[in-house]
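Those protein sequences? They're chains B and C, same order as listed. Going left to right, the first sequence walks through residues 31 to 415 as the numbering used here numbers them. Going left to right, the second sequence walks through residues 1151 to 1275 as the numbering used here numbers them.
If you are wondering where the hints come from, they were derived from the structure by calculation, not from laboratory data. Errors might be hidden in some of the hints.
[As the list claims (entries may be wrong)] Derived DEER-like restraints, expressed as beta-carbon distance ranges:
| id | chain 1 | residue 1 | chain 2 | residue 2 | range |
| --- | --- | --- | --- | --- | --- |
| 1 | C | Asn-1233 | B | Val-171 | 18 to 24 Å |
| 2 | C | Glu-1231 | B | Asp-327 | 44 to 50 Å |
| 3 | C | Asp-1180 | B | Trp-303 | 38 to 44 Å |
What you are looking at is a predicted structure, and each value in this text was computed from that prediction instead of being measured. We treat Cβ as the ideally placed atom computed from N, Cα and C, and that holds for glycine.
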Amino acid sequence: MSAGSPQSTSAAALERTALYDRHVALGAKMVPFAGYEMPVQYNLGVLKEHLWTRDSAGLFDVSHMGLAYLRAEDGSHETVARALETLVPADILNLAPGRQRYSQLTTDDGGIIDDLMVSRSAEHGSEGSLFLVVNAGRKAVDYAHILSRLPDGVHLSPTEDFVLMALQGPRAAEVLSGLDPAAAEMKFMAVTPLAILGNTVPASRSGYTGEVGYELAVPASCAVAVWNVLVADDRVEPIGLGARDSLRLEAGLCLYGHDIDETTSPVEAGLTWSIQKRRRAEGGFPGAARIQAELADGPARKRVGIKPDGRAPAREGAEIRAPGGEAIGMLTSGGFGPTIGGPVAMGYVATEHAGAGTPVELIVRDKPMPAHVVDMPFAPHRYAR
Amino acid sequence: MADEYFTEDHEYIRVEGDTGIVGITNHAQDQLGDVVFVEVPEVGRTVAKGDAAAVVESVKAASDIYAPVAGEVTEVNGEIEANPAMVNEDAEGAAWFFKLKIADKADLSALMDRKAYDAFVAENT
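This is chain B alone, in the form it adopts within the complex (with noise of 0.2 Å):
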């Protein structure tokens, strides 16, 4: 027997979050994953850590990912997001205090150097500043390119001060307001600070399993005493990055450098609804041109949802064909699904096999496997809205 995919391997010595002891004891696997020594599944394992997610609630440590402030020297909203907006194509100008917005870094050519979440704080005191959260493993470049863009006045600040966790799941808001009955009014996509255990911890209604649910930045202080108070709760059990992956994936979002990368634009990922109208019209991003014109044109390929018609997993990397002709496109993510009991993937295709229903083949093994193209998300979203 031999593993048919990679496992990620570096010899370069791997970071650990301030919460690894927890997961060792909760006996966790540890894997290398983007630089650091991350859970992959406990003992539930990936398949009940999946399905207790959608069932109940999951707890998440995703503080590998990178959180910087960008402020604005003049305390000014408008000139904090006027320079994010030359980085990213979504309205952050319009973005209410108190709100959170999915974008992307675009690249000059309209690729995706990374995807992040921009939130703008209510509190007082936090006018003219945004609180970005970026991919671990695109943390170093995406702060480099910011820093090589912002004007005079503006600056980039990375934070290690809060320990990320992400609480997912139809029981996470009554699970949540046990500690602050605050996180029960919260709408999807609202920040607001709650009061956990006496500390301020800075939450959005957000997440990346398609499940109501929420992210924390606890302060690193009382991270391990928030973490061991959400994880005792009978109701919530901690989750690996296996079951976020198959969680994601049946909810149809992108992973960076599988499902979106320098080469693939916002609107070939289908990702237009994160450009607000303003900035389509306008332009003013990295990329403009191409992302103006695919919007206008519709794009030559575009990332869609595949099922297949067997019980095959069919996995990142396999060719997309057209039935029995023609290569049309690859897999970008692609495995078992467990709340779909079968399998599950996403990928791209020339734009003329895109839409929903069209029967394609997937090269598994060096054999046709015949699939059709589908709607996303695969599993339903439960966002509170």
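Following the hints, position chain C against chain B.
Same frame as chain B, now just chain C:
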């Protein structure tokens, strides 16, 4: 007790007369995690030692299962195709993959016995 032999790729072959029953070891299923898909070979297929004869996929990855020795596939386990989770529950028992009419039993001497396999696993984990 039946004769059991093991490969460095974590297959076992349990020998009953001229027949070898092939599967993956308990250690292998533990490493794989939740098994979600199994593909067994066609009955009647002739395999050489080391041929990819079956496939096992977990939530994490796809793996080939190699024929530990040469032979002809005489029977396959349809139950594990229908219920792949059996591989996690009883890898070295009910969740065997296929049976093989062993071409040359002398080939078995190149494989490890249980004790050698256990030592091999201990060394490599």
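Going through the hints against the structure:
1. C:Asn-1233 / B:Val-171: 18 to 24 Å: violated (45 Å)
2. C:Glu-1231 / B:Asp-327: 44 to 50 Å: Between Glu-1231 of chain C and Asp-327 of chain B, where Cβ atoms are some 47 Å apart, the hint holds.
3. C:Asp-1180 / B:Trp-303: 38 to 44 Å: The hint (38 to 44 Å, Cβ to Cβ) holds, given that Asp-1180 of chain C and Trp-303 of chain B are roughly 42 Å apart.
The structure shown violates just one earlier hint, number 1.
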